[in-house]
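Work the whole structure out from these sequences, hints included.
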Amino acid sequence: MSRSGRRHRLLVAHTSLRAHLPPRFITDREDLVTGGVRRPRSGDPCARTDRADGVSRGKCESVERAQEHAPAKGPDRPVPRPGETGTALELLVHGVGGTTPQEMLNDPRTVRITGDNIAAVFRRADDVDAETSSAAHRDGPVPEAYVWCNLTSGNGTRALWLLLLPFMVINLAHWMRPCSRGRRRTVRLYGLLVRLAGLTLTVLLVAAACEVALDLAAWQCAGTRACADRHSWLGFLSPTVSDGGWWSSPGRRLALASFVPAALTGLLWYLSRRTWSDYESQQPLSRDPEPEEDGGPTALGRPGFWYGRRLVARLRAAHTAAGLVTVAAAVASAAARHDRRPGGPAVLNTLGVLLEAALAACAVAVVWVVCRRGRSERRLDRQLDERFVRRLPLVALVLLALCLLYAAWERPGWESSGRLPGDATFGGVALVQGLLVIVLAAVAHVLHRTDPDRRSVLRGLGGPAVAML
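The sequence shown begins at 1 in the UniProt record's numbering and counts up by one.
Note that these hints are calculated values from the structure, not bench results.
Be aware that one or more of the hints could be misleading.
Unchecked claim - Label-pair distances were calculated between CB atoms; the ranges are: (1) 417 to 208: 17 to 25 Å; (2) 458 to 181: 16 to 24 Å; (3) 468 to 240: 25 to 33 Å; (4) 371 to 208: 45 to 53 Å; (5) 175 to 229: 49 to 57 Å; (6) 225 to 175: 49 to 57 Å; (7) 337 to 371: 26 to 34 Å.
Predicted model, so just to flag it, every value in this text is computed and none were measured.
Glycine included, every Cβ here is placed at the ideal spot set by N, Cα and C.
See below:
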C-alpha cells in the first residue's frame with residue numbers, strides 16, 4: 001500500500017452491492033476452517049490497545065471522532081438503502097499510515113454509513129441521501145471513505161493468529177477457482193477437494209504436536225534413562241529416575257502428554273470461534289433469493305456471499321472433532337497394540353477394539369460433515385445445522401477422555417521402546433494431502449478449459465499451486 005497521505009480509488013460499484021455487506025465487510029473471510037479454514041485473520045481487530053503497531057493513533061481515532069462533525073443521522077442509524085437506484089459509488093481506501101475520513105473526502109462534515117469503531121465507511125454529509133436524490137449526483141460517482149487503521153491495533157497475543165495462517169492459504173485456493181459456466185458438479189467437486197485438504201491440515205498440525213509431545217518426549221525420552229537424566233523436567237515420567245513412580249507407566253505418560261495437542265486443538269477452536277462470532281455471524285440485510293441461473297449480478301452482490309455463519313460453524317465443529325480424534329487415536333493405538341499381544345488382558349483388549357471402532361466411526365462422521373454441500377451464495381442461509389453436527393466436538397472430547405482412562409490403566413511389564421506404535425500412520429495423511437492437490441489441479445484444469453480466461457493465474461492452476469504451500 002501507499003503512504004498514509006495517499007488514497008486508493010478502489011472501485012466504482014452499484015449501491016445495491018453494499019446492501020448485503022455486514023458492518024466489517026472488508027475483512028478476511030474464513031469459510032473453510034476451522035471452521036480452516038474462510039481465511040484466518042492475521043489478528044483480532046476487536047482487541048484494541050492504547051498503542052497501534054506502526055499507525056498513528058491520532059489518525060486512527062478518527063473513526064470515533066468523526067461523528068463530532070456529523071449531523072443527527074449518526075452511525076447508530078445507518079442510512080437505508082433502496083434497491084436499484086442506479087447510483088454509483090467510489091470507494092476510497094487509505095494506506096497503512098492511516099488518515100481521517102475528513103482528509104480523504106476533503107470535507108470536515110462526514111457521516112458514518114456503516115461499520116463500527118474498528119473499521120467504517122464514511123460519506124460527506126451532503127451525500128448521505130444520494131440514493132434517494134440521485135439526480136444531484138449524475139456528474140460522477142458518490143465518494144465513500146473506508147477507514148480501517150484500527151484493524152492494525154493489538155497486543156502481543158495477536159501472534160497466536162499465525163496458527164490459522166495455513167488455513168488462510170488453503171482458503172485462498174478456494175477463492176482462486178477458475179470461472180466456469182454450466183459445470184455445477186465440477187465446481188462443487190472443487191470446493192469439496194479444498195475442504196478435504198483443509199481438514200488434512202488440521203490433522204497434520206495436531207499430529208505434529210503429538211509427534212513432539214507423545215512420541216519424542218513421553219514415549220522415547222522419558223522411557224530412556226540417559227535422555228531423562230539430561231532433561232530433569234521429565235524425571236517424574238521416567239521409570240528409572242522416579243523409581244517406578246505412578247506416572248512412569250507408558251500409558252500414563254502418554255495420557256499426560258496428550259494435553260499438549262489437545263490444548264492446541266482447543267486454541268484453534270477458540271480462535272476460529274472468535275472470528276466466527278465477530279464476522280460470520282453478522283447478518284446482512286434481508287433480500288429476496290436470486291434464481292440459480294448462471295447469469296445475474298456479480299458474485300459480490302449476491303445475498304449469501306458475505307454470510308457464512310452456517311458453513312463456518314459446521315466446518316469448525318468438524319475440524320475441532322478431527323483434532324481431538326487425532327489425539328485420542330495416538331494415545332489409544334499404543335495401548336491397544338500392547339493389549340493385542342498373546343497373553344494380554346482380554347478385558348482391556350476388548351475395550352481397545354471398541355474404542356478404536358468408536359474413533360473410526362467419529363472420523364467417518366467428520367469426513368461426512370465436511371463433504372456435505374456448502375452454502376448457496378444466492379440466498380441467505382440463516383439456519384444452523386442439527387444438534388449432531390454441533391455436538392460432534394463434544395462426542396470427540398468424550399472419546400478422548402475414555403481413551404486417556406484406557407491408556408492410564410495399570411499394565412504390568414509394559415515398557416516403551418523405539419517409536420510410538422501407530423505413529424507412522426500419520427505419515428499417510430501427507431500422502432493423502434498430495435493426492436488431493438493432484439486431483440484438485442485436474443479439476444481446475446477442466447474448469448479452465450470450459451471457460452478460458454486469460455486473467456486466470458497459471459491457466460486456472462493458481463488455486464492448486466497455492467494449496468501446495
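Using the Cβ atoms, figure out if residue 417 sits within 17 to 25 Å of residue 208. 23 Å Cβ-Cβ, so the 17 to 25 Å window holds.
Given a hinted range of 25 to 33 Å, is it respected by the beta-carbon distance of residue 468 and residue 240? violated, 45 Å
Between residue 175 and residue 229, does the C-beta distance stay in 49 to 57 Å? holds, 53 Å
Please test the hint of 16 to 24 Å on the beta carbon pair from residue 458 and residue 181. holds, 21 Å
Consistency of beta-carbon spacing, residue 175 to residue 225, with hint 49 to 57 Å: holds, 53 Å
Does the Cβ-Cβ separation between residue 337 and residue 371 fall within 26 to 34 Å? holds, 30 Å
Tell me if the beta carbons of residue 371 and residue 208 are separated by a distance inside 45 to 53 Å. About 25 Å separates the Cβ atoms of residue 371 and residue 208, which means 45 to 53 Å is violated.
Hint compliance for this structure: hints 3 and 4 are not met, and every other hint is.
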